[in-house]
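Asks: Residue strings, one per chain:
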Amino acid sequence: MQGSANAIEISCVGKWFGDYQALKDITLTVPFGERLVICGPSGSGKSTLVRCIDRLEAHDTGRIVVDGIELTNDAASIAQVRSEIGMVFQQFNLFPHLTVLENLTLGPIKARGLSRPEAEARAMHYLERVHIPEQADKKPGQLSGGQQQRVAIARCLCLEPKLMLFDEPTSALDPEMIAEVLDVILDLAVEGMTMVVVTHEMGFARKAADRMVFMDKGEILESAPPEEFFTAPKTARCRKFLNQILQH
Amino acid sequence: MRLKTLILLSLTLFIAGCGQLNVWGWYVIDPRTPAGWINIKFLLGGFGSTILLSLIAVSLSMVLGLIVALPGMSSRRWLRIPSRVYIELVRAVPLLPMLFWVFYGLPVVLKSMGINISIDPFWGAIIALAVSDSAFTAEIYRAGIQSIPKGQVEAGQTIGLTYAQNMRYVILPQAIRRILPPLANQFIYIVKMSAFASVIGMQELTRRANELVVTEYRPLEIYTLLIVEYLLLVLIISAFVRWLERRMGADERG
Ligand SMILES: Nc1ncnc2c1ncn2[C@@H]1O[C@H](COP(=O)(O)OP(=O)(O)OP(=O)(O)O)[C@@H](O)[C@H]1O
Ligand SMILES: [Mg+2]
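Chains as they are written, first to last, in the working numbering: chain E, 1 to 248; chain U, 1 to 254.
For reference, chain U alone in the conformation it holds in the complex:
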């Protein structure tokens, strides 16, 4: 199993590093000392936010992506064009400026429209991540839906299904096996990009690492652990993606 070897490898590196005290200062996160233990708990405490943030963002992105993708496949130009423009535009904007715009800019826009809500770092990060990811999700839906033979859509039409019923009962259930694996992959992208949420003050993995570095001044050890944390998360998700791909493939044969 690749997952196990990689985890073992990183653990070995970690422990080997602990031995060479002249280079590494692992004491900051040494679970055997009370101070180190407190630091570790502080750092690992970011997992919850990172995971929650990523899960909500990917769910929103899945909904948003479908809303963008469906008109993009219409035969009517006036429905297709906005979808195309959205995808091209959103794909072109880097995540960090998007994050700044949502967090600092959007409240101003809303206020000018008479809507008075402040956006906290958590929801700001979710909106920016979801919007930025939705362009990719939309393309995944499009590819999946277009892989279904046209005859299926037509058969649905001739038995009297409405567009929504056709999507719901005929097209999406078949397209899902082409859509789910790449969507799960997109989840990995979101987990990694969620690190940017630290710059607007979101208390997730990266932000906590940064804060600890400032007080302890051991960037090497703390950022190494940070990388291992992301590595773990991503490895778990990609194991899930592979399982999903296998299952979808098996379904197709059965």
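Chain E on its own, in the form it takes in the complex:
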């Protein structure tokens, strides 16, 4: 532990794409152990926010501090922050030319200096955790979407992150595969993994979230525990969004 009680501290962050302001004065603190779910309409800046936390985008104003380390242009601190974060993408982003096992061992071997046997043992351990140890020698292209996303989650776990970011982990999946991925994430939540999940799966949010955040047009409009969030949304925009999404 770095000694910081907060996994993520975001204060007054702004982010522009050219003239377009994608994030407006975002302030958000995520203590260790919290499961935060972010929702909001398309284009509201959810991905941008999550990507800023992993420095896949650089924020323009304000401060982002991850486990006591401020994100700046300094390569060493970016590397340090990334080593504490596991990032799961909507499109899985597995390496198609490598086997599942190689996908899982690449980071531990090259970035962490583990020996191959150590890395493979660890990879098999986490493949069992996501219930697909038998797929270790296949290429990602031979797996179903749900299996690919579980491999992507295992790839993060192999690096033993302190917190995980999920950007719409089930949006690219066929409906029948959503549950198997959400179950894996739920297991992690139950075990106490700190996580920020962007999702529109409200059933999952109710079960997993300690806190809900609603974003619209680059701003955080609501931040509340799930029971309060779902029963008494404060803003009209959030109410409208929840009505739309819960109808389906």
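Just so you know, the hints here were simulated from the structure itself, not pulled from any lab data. Predicted model only: the values in this text are computed from it and were never measured. Treat the hints with care, as some may be off.
As the list claims (entries may be wrong) - Among chain E residues calculated to face chain U with C-beta under 8 Å, some are:
id: 1; residue: Ala76
id: 2; residue: Ala79
id: 3; residue: Gln91
id: 4; residue: Phe95
id: 5; residue: Leu106
id: 6; residue: Arg155
id: 7; residue: Ala224
Said to hold, decoys possible - Each computed DSBU-like pair below joins lysine-lysine, with the alpha-carbon atoms no more than 35 Å apart:
id: 8; chain 1: E; residue 1: Lys240; chain 2: E; residue 2: Lys207
id: 9; chain 1: E; residue 1: Lys24; chain 2: U; residue 2: Lys150
id: 10; chain 1: U; residue 1: Lys41; chain 2: E; residue 2: Lys207
id: 11; chain 1: E; residue 1: Lys110; chain 2: U; residue 2: Lys150
What the hints assert, rightly or not - Residues of chain E placed beyond 12 Å of chain U at every Cβ, according to the derived structure:
id: 12; residue: Pro108
id: 13; residue: Ile178
id: 14; residue: Lys207
id: 15; residue: Arg211
id: 16; residue: Glu219
Every residue, glycine too, gets a C-beta built ideally from N, C-alpha and C.
Chain U with the ligands: place on chain E using the hints.
Replies: Just chain U with the ligands now, kept in the frame of chain E:
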């Protein structure tokens, strides 16, 4: 097979030409006469230099092209601009002036810097060919690397790979199937352009043909054979390129 028909066609032309002695003087390279045989051996002796020259030049160009291409894809302007300038500049210079400059000019520049090396025709030709080709190689790398989805780079970053590791283990292995076939094609270009090395005295195919023409005075026959020699080389390489393209395509599906 297209390769076989083309070779057969050129051989037929060659032999048909041998029959009409009033137009052609094939005796200069008639393998049945001792003099003709010596001439043929002299001409074919250029293959080694042409092939070696082209192989070294294309290898250097592949390395140089990567060194030029990588900063060209940076998000930082000060890294991108030199790469862009190099590519535009080198692409604009015709090979022959480049060759003259490297062979006659570069030693003078080096000498003024206190470096005393003479550049022989072999290495002069290699440097000029490699530099001139590297601008194209760089563009091939760029196209190949940019064809890889951005998510792959990002996934590599999030699992903690450095830029070099990301290139080495994630990006290049995937880009290679888009890069190798056009690079092999570029090899054909180098083989053809290596003929210019003759003007600075490099003893390759073209130079030997020229020398024989001067002593035997049978330009028609000797240059015809010269063309057939290049044709053969290029056909072999393009058969290799097609094989490579098929293999890369098969890999992609598998
Ligand atoms: N690289 C970029 N360049 C320009 N504009 C961008 C870029 N990335 C995002 N944007 C814009 O920023 C805004 C927020 O995008 P973002 O992807 O964060 O939204 P989102 O909430 O994740 O939406 P979705 O639910 O569709 O994923 C959008 O209007 C988008 O067009
Ligand atoms: Mg998004």
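Asks: If I take the minimum Cβ distance from E/Glu219 to any residue of chain U, is it greater than 12 Å?
Replies: Holds, because the least Cβ-Cβ distance between E/Glu219 and chain U comes to about 25 Å, which exceeds 12 Å.
Asks: Can the hint on E/Ala76 be confirmed by a CB-to-CB distance to chain U that is less than 8 Å?
Replies: It is violated, given that the least Cβ distance between E/Ala76 and chain U is near 11 Å, above 8 Å.
Asks: Measuring Cβ to Cβ, find out whether E/Lys207 lies farther than 12 Å from everything in chain U.
Replies: Holds, because the least Cβ-Cβ distance between E/Lys207 and chain U comes to about 26 Å, which exceeds 12 Å.
Asks: With the threshold set at 35 Å, check whether the alpha-carbon distance from E/Lys110 to U/Lys150 stays at or below it.
Replies: holds, 20 Å
Asks: For the pair supplied as a hint, E/Lys24 and U/Lys150, is the alpha-carbon distance within the 35 Å limit?
Replies: Measuring from Cα to Cα gives roughly 25 Å; hence the hint holds.
Asks: Take the shortest C-beta to C-beta distance between E/Phe95 and chain U; is it under 8 Å?
Replies: holds, 6 Å
Asks: Does E/Ala224 pass the interface check with chain U, least Cβ-Cβ distance below 8 Å?
Replies: violated, 30 Å
Asks: For E/Arg211, which was marked as not at the interface, is the minimum beta-carbon distance to chain U over 12 Å?
Replies: holds, 24 Å
Asks: Verify the interface restraint on E/Leu106: the C-beta must sit less than 8 Å from at least one C-beta of chain U.
Replies: Nearest chain U Cβ about 6 Å off; hint holds.
Asks: Does the claim that E/Ile178 lies outside the interface with chain U hold up, using a Cβ gap greater than 12 Å?
Replies: holds, 20 Å
Asks: Using Cβ atoms only, decide whether E/Arg155 comes closer than 8 Å to chain U, and label the hint accordingly.
Replies: holds, 7 Å
Asks: Could you check if E/Ala79 really has its C-beta closer than 8 Å to a C-beta on chain U?
Replies: holds, 7 Å
In this structure, the hints that do not hold are numbers 1, 7, 10, 12, in rising order.
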